[in-house]
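Protein chains in written order, with my numbering: chain P, 6 to 359; chain R, 3 to 516.
Source of the hints: derived by calculation from the structure; they are not laboratory data.
None of the values given here were measured: they were computed from a predicted structure.
Check the hints yourself; a few may be wrong.
Unchecked claim - Here are the simulated SDA-like cross-link-like pairs (lysine to any residue), alpha carbons at most 20 Å apart as the crow flies:
1) R:399 <-> P:182
2) R:399 <-> P:350
3) R:384 <-> P:348
4) P:141 <-> R:318
5) P:214 <-> R:371
6) R:384 <-> P:141
7) P:214 <-> R:399
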Amino acid sequence: MTTATTTTNAPEAASGSLLLTLMKLRTFIALFAVIAFFSIFAPNFLSTANLILMAKHVALNAFLAMGMTFVIITGGIDLSVGSIVGLCGMVTGGLILHGIDLQFGYTIYFNVVEVCLITLAVGIVIGAINGLLITKLNVAPFIATLGTLYVARGFALLSSDGQTFPNLVGKPELSTTGFAFLGSGRLLGLPVSIWILIVVALAAAYVAKYTPIGRHIFAVGGNERAARMSGIRVGRVKMFVYMFSGFCAAIVGLVVSSELMASHPATGNSFELNAIAAAVLGGTSMSGGRGTIGGTIIGAFVIGILSDGLVMMGISSFWQMVIKGIVIIVAVVVDQAQRRLQQQVTLMQLAKKG
Amino acid sequence: MGPIDDDNCVLRLDDVTKVYSGIVAVRHANLALRRGAVNVLVGENGAGKSTLMRIIAGVEKPSLGRILLDGKEVEFHSPADAQRHGIGMVFQELNLFGNLSVAENIFATREITRGLRGIDHRAQIAKATEFLDRLDAGIDAETLVEDLPIGQQQLVEIAKAISLDTRILILDEPTSALSAAEVDVLFKVIRELKAQGVAIVYISHRLEELMRIGDYITVLRDGQITGHAMVKDIDTKWIVRSMIGSDAKDFAKSVEHRLGAEIFRAEEICLPRRTGGLAVDHVSISVRAGEVLGIYGLMGAGRSEFFECAIGQHRHSSGRIYVDGTEIDASDTSGRIRAGLALIPEDRQREGLVQALSIASNLTLASLDRFVRFGFHIVGEKEQSAITAAIRDLSIKAPNPDFEVTSMSGGNQQKVVIGKALMTRPKVLLMDEPSRGIDVGAKADVFRTMRRLAGEGLAILFSTSDLEEVMALSDRIAVMSNGRLVTVIDRAEATEEMIVTASAEGHKTTREHA
């Protein structure tokens with residue numbers, strides 16, 4: 006009797022855990038699948054120039070998706086990131102072109118480094134406003150960030166009356182030159198924006214894994230009440246994630262303006278949806294408590310490569326949307342299936358022990 | 003057990019046994035419910051009252067035995083099935099939709115419709131008013147349920163039950179959230195229903211209430227029926243005796259050790275209740291190092307709320323907390339934990355554990371600051387060795403601390419919650435019902451741990467609604483009732499009767515005031 010049960014159970018368990026491993030690696034598998042597919046069907050896909058260009062596209066979404074990942078892990082959502090990108094771009098452009106007019110004949114100009122720091126601060130402040138609305142005034146994250154989405158976009162449009170700030174070359178006498186470095190400069194052959202992405206990603210992954218605040222982010226999303234009971238300052242944790250999300254969005258605002266050498270107030274429209282998609286594709290659970298920075302970055306690459314590759318194959322942008330949607334739905338379905346399978350495998354292990 | 007008069011008996015359970023995975027919740031129970039009478043059911047937590055009632059209400063099926071309704075054997079496949087046979091149950095946790103009106107609640111799932119023209123709200127309201135008037139409830143059928151006080155919500159539930167032509171009405175602890183005046187209204191309703199021939203099953207912990215309203219009484223202990231009598235023939239002493247029995251459970255022996263100086267003092271802790279009144283009513287208490295103080299009380303006595311005030315979960319609570327003679331200024335939980343308090347919450351799943359995290363992360367969640375270098379970097383080895391030590395000290399059966407915490411049994415999960423609290427190196431440990439929902443072996447482990455910690459000089463306050471437990475584990479026993487601290491007795495002087503009487507005290511006095 007015992008031998009019979011063990012012989013029937015063992016292969017089942019083995020196939021169960023093999024399937025589980027496959028499912029856990031699904032984002033990787035998807036990444037390799039899209040790379041393999043496009044290297045065969047899209048001409049020039051694997052050329053260095055193309056890879057670097059794609060990486061630059063992906064980087065923009067990856068920044069936002071990292072901030073979004075932390076927010077989603079705490080059980081929230083940040084819809085305002087796209088607008089923050091737009092507003093921060095306009096802040097950068099405005100400061101470089103026009104400085105701050107003090108209304109009595111003087112205008113303050115900042116150098117490029119100062120402009121970048123101010124822009125980052127603007128992003129963080131908007132994130133802090135989101136955080137305050139959510140923690141102090143108990144507004145649901147969806148609504149709070151929907152509100153700031155409109156407000157930020159509105160201010161971006163107001164700042165130039167809907168016009169573009171063109172030609173952000175700056176003037177040498179005001180030391181506002183050199184802004185192009187962020188978007189088109191290179192270090193050791195890689196674009197600067199990729200280096201920034203690597204630094205921020207490593208820092209975020211480190212925070213998630215090796216710091217108390219990182220652990221607290223997961224705890225708050227996993228069970229807010231238990232986190233509170235354990236003495237975690239839930240409000241502070243939430244403030245942190247929304248401020249970090251705002252920070253990431255500000256980086257994107259800077260990079261986009263620098264790449265185009267112009268700021269347009271509609272920049273970043275619907276970027277937040279791509280960021281959410283990348284996070285979800287990377288295994289972040291919308292109900293909170295689960296997710297990784299690494300997974301999110303891979304998710305961003307899958308989405309980015311998918312859309313660039315489809316463009317290179319000359320597939321209509323309408324079909325691209327359909328395909329992207331299907332990929333996201335499949336990812337979530339597989340995620341749920343994995344969760345169920347995981348539970349079964351754990352139960353089976355428990356049953357075997359008991 | 004006296005002979006069962008078949009004329010009056012509407013429902014009988016014949017030799018019913020219910021087994022959950024490995025645990026026998028009810029064994030060989032014979033129960034007769036009489037029409038036109040209040041059939042009272044008492045027993046401690048986990049004695050099997052609720053299981054028995056869930057069997058009658060069709061929520062659970064008996065593993066063995068028969069249900070006889072009017073002498074005929076019946077089988078209920080669902081609560082709806084039982085409802086069709088005229089059995090209604092008002093659960094302790096009310097099952098109402100707060101966002102719908104009273105009438106809509108009463109007719110939920112069997113709305114009165116006019117074909118394609120949708121719900122006939124006017125007819126529903128008229129009919130609902132009829133039922134509410136029968137209860138003399140004075141409730142407008144059009145109000146939203148969430149706008150009603152809890153006592154009236156209970157009446158809505160009862161109205162819903164009668165609207166189903168209920169012949170057997172089960173009330174599970176109906177008074178646990180009611181004020182004295184509301185209890186009087188409820189009792190009036192019960193008497194009227196009784197006069198109409200409805201068989202009422204009344205479950206409660208409040209002995210004084212049972213004596214007031216009950217006709218027949220059945221006592222349960224450890225899944226068995228240990229007493230059955232007419233209420234007029236017995237007294238509270240008899241009930242307590244039948245409830246507790248004589249066979250002792252496995253408690254850790256108390257280790258003789260000297261008590262230290264006072265280490266925890268609470269002064270005048272008050273917490274207002276949302277429905278008015280005080281959930282914690284001027285509670286002052288002090289505990290010495292190495293002392294175990296058991297807080298006994300019924301559901302809703304304010305024990306959990308007192309603990310939550312102590313750990314800083316209620317911003318609008320008032321009063322002062324002293325640890326080691328100094329008043330704690332911090333009013334938030336993390337400040338209180340740093341000052342040397344730690345709470346093991348009652349509801350392990352909702353308040354104790356983060357289910358998505360591993361066993362290891364759960365253990366260190368409250369004390370990460372201890373393992374940190376440069377103020378932000380968690381040192382892996384330090385954390386790991388603390389986890390290993392905790393698993394060893396508490397004999398947690400965790401094959402791999404990196405597994406999710408939900409992969410363990412309830413008892414081991416409870417040990418993780420205790421481990422998490424201990425890792426903050428508390429001076430005072432607050433344990434809210436530490437033995438709830440865990441198996442016998444784990445219970446013994448938890449009790450042993452409590453003893454050991456007390457021996458090491460920790461002050462322990464624990465709450466329980468198990469008489470045996472409070473008698474066996476405490477150095478001193480405090481009894482809370484209706485938010486007030488009624489009495490504090492030395493274990494040597496305490497008797498079970500004193501405790502039971504004291505636990506009903508708060509309700510008596512409020513009634514006199516009312």
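Hint numbers contradicted by this structure: 1, 3, 6 and 7
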